[in-house]
Amino acid sequence: TDMFDGIVLAEERFHGEGYQEGFAEGSHAGIAEGRRCGSLHGARMGSEIGSYLGFALTWHCLLQKSTDEKNSKKIKALDSLIGMIQKFPYEDPTYDKLQEDLEKIRGKFKQVCSMLNIQSDFRIGTERSSLTF
Amino acid sequence: GCGSSPPSSPPCPAGSGWTCRAVLGDGHQRTVRRVAWSPCGSYLASASFDGTTCIWKRQEDGFECVATLEGHENEVKSVAWAPSGTLLATCSRDKSVWVWEVDEEEEYECVSVLNAHTQDVKHVVWHPSQELLASASYDDTVRLYREEEDDWVCCATLEGHESTVWAVAFEKGGERLASVSDDRTLRVWRRFEPGNQEGVACSGTDPTWKCVCTLSGYHSRTIYDVSWCHLTGAVATACGDDAIRVFEESVGAGWAFPRRNFHNIPSNLSNLTLHCSASVLRTSVEAEPSLRKRPRVSFSRHMSLMALAVFPVSFLE
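Residue numbers (UniProt numbering), protein chains in the order written: chain A, 1 to 133; chain B, 1 to 317.
Note that these hints are calculated values from the structure, not bench results.
Just so we're clear, the structure is a prediction, and the values are computed from it rather than from any experiment.
It is possible that part of the hints are untrue.
[To be verified] As a list, the in silico DSS-like pairs of lysine-lysine whose alpha-carbon atoms are at most 30 Å apart: (1) B:K210 to A:K74; (2) B:K210 to B:K95; (3) B:K172 to A:K74; (4) B:K95 to A:K97; (5) B:K57 to A:K73.
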């Protein structure tokens, strides 16, 4: 081996070593941040769906006690919502229909609110109004 | 409840034949964007930017608001009655389409909230004879919905437009629909049932809708509305270039190309685009002998006939 190799290839070697160290450090930091991010999104989604579930179970219970026959449609819709939530794979972020199923749950929740005459929290006033046709 | 007030403006000039019978001014707090008569004619639905849809019942002395459909998060853009008269659809900037049902006691109930679109939904329209709903959106798609086991589902997504789809219209028989867009094209879509002879693939039991005709080059601005006449089959468009255009399908040439000229095309139908260019008027109908081995399908005759419907000029042939 050329006795000057050590000197001539020094830059390349240090570059390589530096890259490896940086990569490892970055991966570490990335994993930590990704975990925080995932945790945040997961919590948001979980709390949204959890609130729908609590709401649905409560109303289901309340309506069972009532003898009004008009309630059968409402109970059916509540059953449907509860079923969708229970089937939702909330521990699998890679589920390919995650967004689609979430939208279906939201839609069913809105429908149930409409049937129960409850205003789900969205109000016109909070948004900037738009005049696009 | 809301009632109607007598008209305060002076009566129409004699001979015009129209009088203002009612002004329903108390129903909404913002722009009223769409109105629709029920099939039976006794009810009028009004969709408003205030997020509500009012149902007005015709009385001897005017109209009475018998229901207010609430639930949309923001501006309601369209409302439409199904031919049966028992279903209504509304759509909104909140990206959702709502289906409502009315019972014998005039009680309205939401039967489904459909979140299939990813942007503002501009228009909803029902199939002329089936309980099939179509919606047009800022997300460049048209979606179709039907009832499946007590719930409504999106059964088809029509992609192809390159910008906001403003309106949709079904043909009388309901086998085709026309859509118009901010991309300045009018597209005709056709339904293909599973097992169709043209070899169009379908998933499961749902039919597939394919774009069989794209009319581009006719409109120089956004097309806002389309109407398909159920008597004559003519299609009219409303355009931002201040013009109304009427398109007619020629007997023989037609839009459903697979029926006539394309026996050997592969099973995935090519999207046929007719372009209107300056050379249409100069393109001769008679082609010179073709030097190519395969006969060339000439669109010029089709285009000439189409152009004839639009521009009243005479052609050489």
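Holds or violated: are the alpha carbons of K95 (chain B) and K97 (chain A) at most 30 Å from each other? Holds, at roughly 19 Å.
Would the pair K210 (chain B) and K74 (chain A) pass a check requiring their Cα atoms to be no farther apart than 30 Å? At roughly 38 Å apart (the allowed maximum being 30 Å), K74 (chain A) and K210 (chain B) break the hint.
Decide if the proposed pair is consistent with the structure: K172 (chain B) and K74 (chain A), CA atoms, cutoff 30 Å inclusive. violated, 36 Å
Would you mind confirming whether the straight-line C-alpha gap from K57 (chain B) to K73 (chain A) stays at or under 30 Å? holds, 26 Å
Restraint check for K210 (chain B) with K95 (chain B), where alpha carbons must lie at most 30 Å apart: holds, 24 Å
The structure fails to meet hints 1 and 3 from the earlier list, while all remaining hints are met.
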